[in-house]
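Undergrad: One letter stands for each residue in the lines below.
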Amino acid sequence: MTESSHHENIELLTYSEVIDVKGFVGNFDVTIRMRPRSVDMSRCTGCGDCLTKCPAKVPSEADQGLGTRRAIYKPFSNAVPNVPVIDRDHCIYFTKGKCQICQKVCKAGAINYEQEETIRTEKFGAIIVATGFSLFDISKYGEYGGGRYKDVITGLQLERMIDPNGPTGGRLVRPSDGKPAKSVVFVQCVGSRDEVKGMAYCSKVCCMYTAKQAILLKDHFPETQSYVFYIDIRATGKNYEEFILRAQREYGVVYLRGRVSKIHDPGDKLEVYGADTLAGESVKINADLVVLASAMVPNPDARDLARMLNIPYDSYGFYSEIHPKLQPVESITRGMFIAGACTFPKDIPDSVMMGSAAAAKVCTLFAADELTVEPKLAEVAVDKCVGCFNCVDVCPYDAIQKDTVSGRNVARVIQTLCQGCGNCASTCRSGALDVKGFTDKAIYAQISAPFEADEEEENAYAGA
Amino acid sequence: MEIGYYPGCSLESASREFDISLRAICGMMNITLVEVPDWICCGTSPTHAVSQELSHLLPYKNIQKAEMHGIKELLIPCPSCLYSISHTEAACVTDANVRQRLSEVTGYTYEGGLKIYHLLDFLRDRVTLGGLKAMVKKPLEGLKIASYYGCLTRFFPAAADDMEQPSLLEQIIEALGGQPVEWTCKVDCCGASLSITRPDITKRLLGEILQSATRASADCIAVVCPLCQSNLDIRQKGLTSPSGAPYAIPVIYLTQLIGIALGARSGALGMEKLMIDAMPLLRAKGLL
Chain C
3 MTESSHHENI ELLTYSEVID VKGFVGNFDV TIRMRPRSVD MSRCTGCGDC
53 LTKCPAKVPS EADQGLGTRR AIYKPFSNAV PNVPVIDRDH CIYFTKGKCQ
103 ICQKVCKAGA INYEQEETIR TEKFGAIIVA TGFSLFDISK YGEYGGGRYK
153 DVITGLQLER MIDPNGPTGG RLVRPSDGKP AKSVVFVQCV GSRDEVKGMA
203 YCSKVCCMYT AKQAILLKDH FPETQSYVFY IDIRATGKNY EEFILRAQRE
253 YGVVYLRGRV SKIHDPGDKL EVYGADTLAG ESVKINADLV VLASAMVPNP
303 DARDLARMLN IPYDSYGFYS EIHPKLQPVE SITRGMFIAG ACTFPKDIPD
353 SVMMGSAAAA KVCTLFAADE LTVEPKLAEV AVDKCVGCFN CVDVCPYDAI
403 QKDTVSGRNV ARVIQTLCQG CGNCASTCRS GALDVKGFTD KAIYAQISAP
453 FEADEEEENA YAGA
Chain E
29 MEIGYYPGCS LESASREFDI SLRAICGMMN ITLVEVPDWI CCGTSPTHAV
79 SQELSHLLPY KNIQKAEMHG IKELLIPCPS CLYSISHTEA ACVTDANVRQ
129 RLSEVTGYTY EGGLKIYHLL DFLRDRVTLG GLKAMVKKPL EGLKIASYYG
179 CLTRFFPAAA DDMEQPSLLE QIIEALGGQP VEWTCKVDCC GASLSITRPD
229 ITKRLLGEIL QSATRASADC IAVVCPLCQS NLDIRQKGLT SPSGAPYAIP
279 VIYLTQLIGI ALGARSGALG MEKLMIDAMP LLRAKGLL
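From first to last, the protein sequence lines stand for chains C and E. Residues in the first sequence are numbered consecutively from 3, following my numbering. Residues in the second sequence are numbered consecutively from 29, following my numbering.
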């Protein structure tokens with residue numbers, strides 16, 4: 003991240019969002035909203051004085067609500083760029099009109115409350131969408147006390163907790179009373195592989211990060227004992243299975259194959275009731291901390307973004323590729339590529355692979371002087387087109403535009419966008435649209451040909 | 029207000045006080061209970077283990093009897109009866125084969141449209157919490173109550189607002205002026221169905237429930253199921269807390285608590301039928 007922010011060919015736009023995309027491959031007009039940071043990026047030295055003096059405290063998003071941040075903040079300590087932002091919804095000056103402490107302490111004079119939102123539109127040749135994922139809401143699991151019991155947390159919250167720069171300074175504690183956690187129960191597949199309450203799919207990363215966390219806990223806090231309830235272990239990757247075995251053999255992590263049925267919070271230790279299906283017994287474990295491996299789900303606004311970018315998505319809201327095996331990083335819109343967990347849950351190696359593949363695809367696209375297209379494109383017979391524009395509605399690639407020829411409204415196919423699917427050809431009532439090489443006439447001829455041959459053969463037999 | 033009423037076998041026998049107290053409070057709330065004439069057994073757990081058809085047939089006969097008596101809305105206080113009858117009612121609406129077979133056998137066709145109430149959603153939707161609160165004469169002040177749903181009530185979406193963490197019973201207790209406690213076992217199984225075949229399991233489950241109620245310093249447990257009540261009430265004797273002290277937590281029907289809050293005499297509520305005497309507690313709290 004830091005490297006890319008210094009690269010001469012990369013412009014990093016933070017605190018900004020894409021609000022509109024028009025055009026097509028090689029010619030995208032992208033409208034970007036740049037939100038007011040309220041801090042002058044050219045002046046700020048990143049000293050951090052303002053961060054400690056701001057009196058407004060807000061639950062930290064990056065720390066998953068375990069810690070607090072100020073109203074002027076950086077999401078996390080090594081965030082790029084090293085310039086804070088003022089959260090205007092919580093800033094005392096913006097909400098009540100008084101304070102301005104950050105301005106007083108800033109030696110560089112970088113605080114600017116007057117900054118306004120700016121909108122800019124620029125041309126781009128290709129777009130890579132890598133918007134990531136969100137976590138399943140654990141409060142849907144009432145039996146685990148998700149969202150109710152303070153000591154029932156998500157894997158991501160544990161990840162923040164064991165970070166030395168995190169909300170607890172790297173100490174493993176119970177959020178309820180701050181006491182050290184000695185006994186930790188991990189519950190796998192919370193929201194994943196659950197067609198009734200959650201998602202039918204496997205989130206793919208939880209088995210491995212849980213093993214990693216259990217190993218880290220034992221490494222950092224040798225007195226901890228971890229238990230993992232799982233449906234089955236899905237360790238499909240280079241050295242993954244060995245890693246799980248290490249957790250079990252060298253780090254004494256107790257793996258229990260079975261589900262947790264309920265968690266009680268009587269006030270002191272959590273009581274975790276579950277099944278050990280290998281032993282055929284029900285088990286009860288007293289735990290200081292319960293870590294739920296909550297499912298990876300699409301971002302809440304994934305569908306809105308997809309509609310804006312004209313990327314198809316599946317029933318969950320994950321973005322769809324043209325072909326899951328052969329074109330995994332291309333979307334149906336030419337020049338628009340998808341990478342990472344916005345397409346489906348995946349771990350870091352897979353995300354890096356997909357990002358690299360998408361970047362390589364863009365390089366290939368840009369390296370050529372001309373764009374190669376498949377020859378089977380739709381074509382309008384202008385003299386037949388009546389200008390009903392039914393074809394515009396059915397085209398999934400936005401490849402048909404309204405045009406005027408000698409004062410008549412007619413359809414026009416943009417050849418760079420057309421993928422030759424034939425939707426328009428079958429919709430066109432006046433027969434004006436055809437896919438090159440697949441005219442209606444040619445297809446009818448192909449269909450009737452075998453039957454004509456039969457007739458000839460029959461006649462031949464009859465004559466014999 | 030008039031409402032159809034299906035008491036079921038428990039309320040006629042082992043759990044008479046549920047029936048007595050329900051009739052008493054309905055009288056005080058100007059609700060006329062129209063009992064299904066000549067109702068028969070709902071079939072509950074024994075029939076579906078033997079014959080699926082019979083497990084639909086018995087409830088269907090009861091639906092028939094109710095409809096023929098002009099009943100459009102039916103209150104079924106026993107969750108087991110409610111389960112079997114509403115199960116058949118739903119099957120008739122959604123499954124044409126079931127409906128056809130049952131109408132062939134009985135010669136009566138149920139067209140759908142019978143509204144079935146659990147005690148909890150009846151109180152919430154028909155009596156309303158505000159209406160109930162307005163009728164309270166003796167608020168259950170200072171009475172710490174562990175609200176116990178048991179296994180069946182939690183599975184009725186209408187009666188349990190959340191299957192895992194329901195709160196309707198607590199809301200009703202609050203409307204009565206009582207103090208619902210936070211405890212862990214409100215939707216846990218009481219083990220009633222194993223109380224004869226595997227009393228060891230039942231005792232363990234009961235022990236957990238009683239221990240949790242004690243830990244939450246509940247004065248009593250409020251129940252809405254005759255099986256939970258009798259199981260918790262009768263089998264409590266002989267159970268001890270981890271420290272060895274015998275349990276003596278009264279297990280009181282919600283209808284009895286409502287009756288007390290509405291100012292009914294304890295005699296009219298069948299309080300004397302409880303095995304763990306609730307009278308000393310209620311006297312100590314100044315509610316009698």
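Since the hints were derived computationally from the structure, they do not count as laboratory data. Virtual Cβ for every residue (Gly too), placed ideally from N, Cα, C. The reader is advised that the hints may include incorrect statements.
[Stated by the list, open to error] Computed Cβ-Cβ distance ranges for the label pairs, DEER-style: (1) C:P268 - E:G314: 26 to 36 Å; (2) C:K199 - E:D66: 36 to 46 Å; (3) E:K143 - C:P38: 50 to 60 Å; (4) C:K152 - E:K165: 34 to 44 Å.
Undergrad: If you check the beta carbons of K152 (chain C) and K165 (chain E), does the distance land in 34 to 44 Å?
TA: holds (40 Å)
Undergrad: Do P268 (chain C) and G314 (chain E) keep their Cβ atoms within the hinted range of 26 to 36 Å?
TA: Taking Cβ atoms as reference, P268 (chain C) and G314 (chain E) lie about 30 Å apart, which means the hint holds.
Undergrad: Look at the Cβ atoms of K199 (chain C) and D66 (chain E) and judge whether their distance stays inside 36 to 46 Å.
TA: The hint (36 to 46 Å, Cβ to Cβ) holds, given that K199 (chain C) and D66 (chain E) are roughly 43 Å apart.
Undergrad: Given a hinted range of 50 to 60 Å, is it respected by the beta-carbon distance of K143 (chain E) and P38 (chain C)?
TA: At 56 Å between Cβs, range holds.
Comparing the model with each earlier hint shows no violations; every hint is respected.
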